[in-house]
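Student: Here the protein sequences line up with chains A and B, keeping their order.
Under the working numbering, think of the first position of the first sequence as 1, with each following residue one higher.
Under the working numbering, think of the first position of the second sequence as 1001, with each following residue one higher.
Hints were generated in silico from the structure; no laboratory data involved.
There could be a bad hint or two in this list.
Distance windows between CB atoms, simulated [as the list claims (entries may be wrong)]: (1) Y1089(B) <-> R32(A): 45 to 55 Å; (2) K27(A) <-> G1155(B): 21 to 31 Å; (3) A16(A) <-> P1036(B): 15 to 25 Å.
Pairs of lysine-lysine residues, derived as DSS-like cross-links and limited to a Cα-Cα distance of at most 27 Å, are as follows [stated by the list, open to error]: (4) K1125(B) <-> K1051(B); (5) K34(A) <-> K1125(B); (6) K1116(B) <-> K27(A); (7) K27(A) <-> K1125(B); (8) K1063(B) <-> K1125(B); (9) K1051(B) <-> K30(A); (10) K1063(B) <-> K1051(B); (11) K27(A) <-> K1063(B); (12) K1116(B) <-> K1063(B); (13) K30(A) <-> K1125(B).
Which residues of chain B face chain A? A partial, calculated answer using Cβ under 7 Å [said to hold, decoys possible]: (14) F1070; (15) A1072; (16) E1148.
Positions of the beta carbon are idealized from the N, C-alpha and C atoms, including for glycine.
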Amino acid sequence: MSEYAFRIFITVLIVAGASWALFDIVKMRKLRGKNLREPLVRDELFGYIMGIVIGAFALSGVLRFNGVI
Amino acid sequence: MTAARQVSPYNPANAVTASRFLTLPPFVWAVDAGYPQWATFFILLCGVLDKLDGAVATIFNCKSPFGEVFDAITDAICYGFAMIIVVAYGWAPAIPALTVLGLGATNTLLRLVYAKRMGKAVNYKSYAMERVVGFIGFMIGFATARVEVNYYYWGFVPIFGIVVLHDAFRMLGSVAAVQPAAQPEGAS
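Work the whole structure out from these sequences, hints included.
Tutor: Below, the structure written as structure tokens:
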């Protein structure tokens, strides 16, 4: 695979992985109305928030990789 | 009344999990020979098999507590070993990579304490840790593909630290909450 094709492949792969954060946003919205005092619900919420943070972090890196930021 | 279904450890899902170890020798070969694209391919294959084993367990109806623990152990061995390799060959910065390995080892230790004290064979379910482990697979790929390696490795350390701290409080808190109830009647 040429360097350019590999770069595109890696970029697509990272963006696809980071888009997992979108599922976490949807799942987090579904938690609305649930009792946040419940430890298991809080665990779930924390997991989704970290998923979104990791997704944003992965995206920021791929933007740096491609010289956008 | 139906008896609880016994699942053999020799099932298709665990076979897929075990097959992930087969990606490690060619991964080492690729790093040693200086083929970053092949190294990326083999770690990607390892990650794909990780996603596949859950689907296979659902299709063949062979989910088991052993399978869950085996999957977690395989994650730790495969990704831990691959991270050591990329550090050893200078493809990733040593300090953040070793910090990540240390945090992973701490988390594993806490899970063992939790499982032992709670008398459960199954791990504490952490939604955050699931995402973190998935990202660690990507981090090895960042090193082999040379994608913003320093940025990703140094930036990930505080994220992982927060998740390990959160899970430590949750696991130790659960143990503390259950222990008084577990004491026999009359015990002081």
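Student: Now, for every hint given, state plainly whether the structure supports it.
Tutor: Now the hints, each set against the structure:
1. Y1089(B) <-> R32(A): 45 to 55 Å: holds (47 Å)
2. K27(A) <-> G1155(B): 21 to 31 Å: For K27(A) and G1155(B) the Cβ distance comes to about 24 Å; the hint holds.
3. A16(A) <-> P1036(B): 15 to 25 Å: holds (20 Å)
4. K1125(B) <-> K1051(B): holds (17 Å)
5. K34(A) <-> K1125(B): Within the cut-off at roughly 19 Å; holds.
6. K1116(B) <-> K27(A): Not satisfied, since the Cα-Cα distance of roughly 32 Å exceeds 27 Å.
7. K27(A) <-> K1125(B): holds (17 Å)
8. K1063(B) <-> K1125(B): Holds. K1063(B) to K1125(B) sits at ~15 Å (cutoff 27 Å).
9. K1051(B) <-> K30(A): holds (24 Å)
10. K1063(B) <-> K1051(B): Holds - the C-alpha atoms of K1051(B) and K1063(B) are around 14 Å apart, at most 27 Å.
11. K27(A) <-> K1063(B): holds (24 Å)
12. K1116(B) <-> K1063(B): Status holds; Cα separation ~22 Å.
13. K30(A) <-> K1125(B): holds (19 Å)
14. F1070: Cβ of F1070(B) sits 22 Å from chain A, so the hint is violated.
15. A1072: violated (16 Å)
16. E1148: holds (5 Å)
Going through the hint list in order, the structure does not satisfy hints 6, 14 and 15.
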